[in-house]
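So the protein lines, in turn, are chains A and B. Residue 1 is where the first sequence starts when you use the working numbering, and the numbers rise one by one after that. Residue 329 is where the second sequence starts when you use the working numbering, and the numbers rise one by one after that.
Bear in mind the hints are in silico, worked out from the structure with no lab data behind them. Even glycine gets a Cβ: it sits at the ideal position worked out from N, Cα and C. Some hints could be false.
Unchecked claim - Only part of the chain B face toward chain A is listed, based on derived beta-carbon distances under 7 Å:
| # | residue |
| --- | --- |
| 1 | E364 |
| 2 | S365 |
| 3 | S368 |
| 4 | P407 |
| 5 | V868 |
| 6 | E932 |
| 7 | Y933 |
| 8 | D979 |
| 9 | L986 |
| 10 | A992 |
| 11 | K994 |
| 12 | G997 |
| 13 | M998 |
| 14 | K999 |
| 15 | D1055 |
| 16 | L1058 |
Said to hold, decoys possible - Result set (EDC-like, lysine to aspartate or glutamate): computed pairs, CA atoms no more than 20 Å apart in a straight line:
| # | chain 1 | residue 1 | chain 2 | residue 2 |
| --- | --- | --- | --- | --- |
| 17 | A | K231 | B | E991 |
| 18 | A | K38 | B | D613 |
| 19 | A | K144 | B | D989 |
| 20 | A | K231 | B | D930 |
| 21 | B | K462 | B | D417 |
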Amino acid sequence: MKNFDWITPATPEAAVQAAAQAGRAFLGGGTDLLPLMKSGLREPTGVVQLKGLTGMERLELTADGITIGASITLAALCTDTLVQRSLPAVFDAARHAATPLVRNRATVGGNLCQRPRCWYFRHPDYACSKKGGDTCYAIEGENKFHAIFDNTTCNIVHPSNLGPAFWAHDAVVVVLGPKGERRIPVAEFWVRPEEDMRTEVALEPGELITSVSCKPLSGRSGSAFEEVNEKQSYDWGLVACAARLTLDGDKASDVRIVIGAVAPVPLRREAAEAVLNGKVPNEAAAWAAADAAIAGATPLRDNAYKVTMLRACVKNAILTAAARARKS
Amino acid sequence: MSIEDRKVKLVLGFAADRQEVELTIPDEEPTPWDLESKFSVVGGKHARVDALAKVTGRAKYTHDINLPGMLFGGFARCPHAAAEITSVDAAEALLVPGVKAAIPMTQDRVRYAGQPVCALAATTRQALAAGIAKVQAVYKVLPHAARIDQAMADAAPLVHRNQQSNLSGSGQPRNAETVAAELEKSAKVVRATARTQVQTHASMETHSSVAKWDGDKLTLWTSTQATFGVRSQVADALRIPEANITVICDFMGGGFGSKFGAGYFTAIAARLAQECGAPVKIALDRREEHTDTGNRPDSIQEMALGVSTDGKLGAYSVKIHGTPGIGRGAGARNPMIYDFPREMRAVAQVEVATNAGPQAAMRAPGHPQGSFALETIMDLAAEAIGMDPLEFRRINDSNPVRLQQYSDGAKRIGWEQRRKNGSATGRFRRGMGVGSSTWGGLGGPQAEVDCKIFRDGSVQVRNGAQDIGTGAKTVMAVVVAEELGLPLTKVSAFMGNTSDPIGPASGGSTTAPSIAPAARQAAYLAGRELKALVAKHLGVNADKLLMKAGRISTAEGKGLAFEEACRLIQSGEISARGKRRSNFRTYRDGVAGVQFAEVEVDCEYGLVRVVRIVALQDAGIIINRLQAESQVNGGVIQGLAYALMEERVMDRQRGHQLNADFEAYKVPGMKDMPEIECVLYDIANGGNNTSVCGIGEPTCIPTASAIAGAIHNAIGARVLSLPMTADKVLAALAQRESGK
Ligand SMILES: Cc1cc2nc3c(=O)[nH]c(=O)nc-3n(C[C@H](O)[C@H](O)[C@H](O)COP(=O)(O)OP(=O)(O)OC[C@H]3O[C@@H](n4cnc5c(N)ncnc54)[C@H](O)[C@@H]3O)c2cc1C
Ligand code: SF4
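Okay, chain A solo, but in the shape it has when bound (with noise of 0.2 Å):
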């Protein structure tokens, strides 16, 4: 690890000014970037923390639904009972993250920002394409855990268990910059290898994200995280999906089913949602639903197992959803 500058500001907006130096990196808990430095993955001038920045460790309702703070920690976003009761997935995708170590540090703003695991980026005797060479190592070789959709240039999965319950919940993530304060919908947070090889995430040199704001559940509805894993610790998601849906009458009704693992960013599936939309959310519905979510994979030599394992993974995110909205 190279030195570098330690830099603790006491406000959003100082930590932005900081960050405006190029080279500069901003921590959170540190989980994913102390890694990607010990291995020179990364090798910033400075480091600007986080910590106990004002407004970036709040969790509350406001207009414009729940604001959760960038700083906030996965262990606090999973004992939460406004998360609990209003935002089901985003407890679920918390409360299944890592291990209770990782998530007394992890917060939410470097949770969205990690980057991918694919173990040619992490390797450093690979330049790969998204290191700035010319070849994506997993198209011939070992991509048990890669992509199984829209992975033609590169083939990672992005590993936030946060995107797709947050995408369930229409979050909308707020960002400071240099130039101000932007809202960002989380449809449009994520970038994909095809329009920027290099980063995975819609954020401009130096913004820091300062809170992430979700739709909370309203009338009868519910919302789920579902998550397959080799391991049951410490281990990242193979296939993802999270759910949400209201009940009108029994049929589902706003249904949104966002997929992850399975792709270089989250994917919203609007086919299974209209699947499921005006259903009875019961099983038959459900795998039909999953169907439809599956549907246009494309899995590489090693990883077609991933497509079955979503689709029983879609359809019991939905059978989650469905009965707590029913019990709500």
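Knowing the structure of chain A, use the given hints to seat chain B with the ligands on it.
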């Protein structure tokens, strides 16, 4: 029989199979413990003597050794899986502030990614990393074969220059023709190919050494399974007298077979230290640990088994391919657990060289691989003739201990509730499976132990071998406490310094059965001296004195408390040395084990949850039940990891290990743990004066096999390849569906 020899009668075996034997033993040997022995310390549940030091961090491992002025050593490594080295130049590295020395490692060819090419020492870790980055190595990259499939392909690149092929092996095995002919005649022939993965040792403490010179004397702190082996290997490598070297390993964070040798890094640390005139520490990082310190070879095992309609085993043939990387020795052991007619087994072993780090012995080398294949074909054969797989094993296994274990285990797991293969329905399906093991672990010379009794009544026991975390130190203390009739707290045990008496390398589960008998003999001899003092003092016959419950007294109660007795010692201490003699007659020539598994398969996701493992294990007379159970738990956990998760992944394109970390190299965590029920058998196996046998290795052998059988039972399809990850389970389910 010399005058001092005496005859003793022993009862060996266990309740269901008692064997009386008569032995002649020398004067210095205590009467061996047997089935009739009554114990007060042995067999209890004792926390390890260094438990507190370990949990408080007071225990210092090699990684924790930091000496004044110490430098950090490390390696520049080759980023190619196969290459010719044109040049290695450390001149620029030596200009980096803090870099003190560089030793190029002379060779002209690199054969695996991550092979070291130059060693450096620097004042800080940062300076070391900066120096490593400045080592200029020029390579001519060659085609590689990092994976077994690549190395076996036609026209594969040759891993070793001087060989015609990457494959080397036994050729036509013995009995091949008889077996082939017999298979032709068999009522039923079952064929299958089982595959196992490369597993790395994944010790928590990576390989590490600290070297410090005082004049021509060298002290080495090292994380090792063989303190004395390190001493002689380093003496050889540096051409210095063994007498000048002290090796210290006070505590050790895991080895599992990967730490038998000194490793290139230990001698290099000593050389760097010599060149810099300062102590040098080399501690490998996790990537180096995974790629360059050994592993369990993979295997492809093509089997054919003939069975009669009434379930008797006939001919068996297996052809095994396995890769030792650039090393040697990749056999999958397929031992005679079941009663195959001896001439009816044809085993062909083929070693496949690959461009990967050399293999190393790993916990029961060869056995888990062999077990997975053998138990697979056993289950398939049972299914083919419509017989219960446990019954099939029972009628083909004549080992009395395992027969007992089959019936005890069946009761505990609830085998009678097991349903027919594949009859479960719904999303979550349960199943049960079983697997067996055999292991030696009898120990033997050379091991010597000193026992000292001090005037203040305290007792010390010392051996220079290492306690690799299995609890050997505590085993010595328990044995000595038992022999002297003291509570365990009265005995201090020391291990891990070659200044103390010689001991074994920790391999083959032989440490306890090698040092425990020496420790007992040492205590016996020291105790005898103390008894003589008491006898003289009280005017009784020494032969009539017993050492029990902290007293030395006659059966009638005439005697002294142990502390009082010790005050009779004139010279400050009694010191006696015990020596491990070679084995006398044993009950069986090894230990027996059986494991049962119950799993639940989530058929939507293909995920396997191990609900329960019942592990039944014999390890001779159990010295410390708590540690023995801990060994069983550890073996089962490592076996479960082998069954479901751990796998070294090599990139077919450039030949690097892609998961040389603890993220994608998956070691199970807390939530993946089943309930582990451990059943120990106190079997008086004889062989040595404590009747203890090793337990470290056999417990990891049959776990994966039992889990595989349980999955088979649950889903009605066999997963033929380890680890049995969700993708493979889903594929097996899909295949079963399409076959319907
Ligand atoms: C063992 C393990 C398992 C894991 N499993 C999962 C899992 O299953 N699901 C999952 O979602 N995650 C998982 N993670 C990832 C973990 O959730 C992330 O590492 C964590 O959320 C990152 O948060 P952090 O605060 O530590 O980020 P940091 O490491 O501090 O930062 C990460 C990146 O975000 C930037 N950043 C941080 N905060 C901000 C901000 N406010 N504005 C702009 N940029 C910012 C940093 O500059 C850096 O580039 C796992 C991690 C580990 C170690
Ligand atoms: S998937 Fe992306 S990050 Fe991984 S090797 Fe390909 S280009 Fe690199």
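Tested hints:
1. E364: At 47 Å from the nearest chain A Cβ, B/E364 fails the 7 Å test, so the hint is violated.
2. S365: Not OK, violated: B/S365 not within 7 Å of chain A, min 43 Å.
3. S368: violated (41 Å)
4. P407: Because about 4 Å separates B/P407 from the closest Cβ in chain A, which is inside the 7 Å limit, the hint holds.
5. V868: Because about 62 Å separates B/V868 from the closest Cβ in chain A, which is outside the 7 Å limit, the hint is violated.
6. E932: holds (4 Å)
7. Y933: Cβ of B/Y933 sits 5 Å from chain A, so the hint holds.
8. D979: holds (5 Å)
9. L986: Given a least distance of 4 Å, the restraint on B/L986 holds.
10. A992: holds (6 Å)
11. K994: holds (5 Å)
12. G997: holds (3 Å)
13. M998: holds (5 Å)
14. K999: Because about 4 Å separates B/K999 from the closest Cβ in chain A, which is inside the 7 Å limit, the hint holds.
15. D1055: holds (4 Å)
16. L1058: holds (5 Å)
17. A/K231 <-> B/E991: holds (11 Å)
18. A/K38 <-> B/D613: holds (12 Å)
19. A/K144 <-> B/D989: holds (17 Å)
20. A/K231 <-> B/D930: holds (13 Å)
21. B/K462 <-> B/D417: Cα-Cα ~9 Å, so holds.
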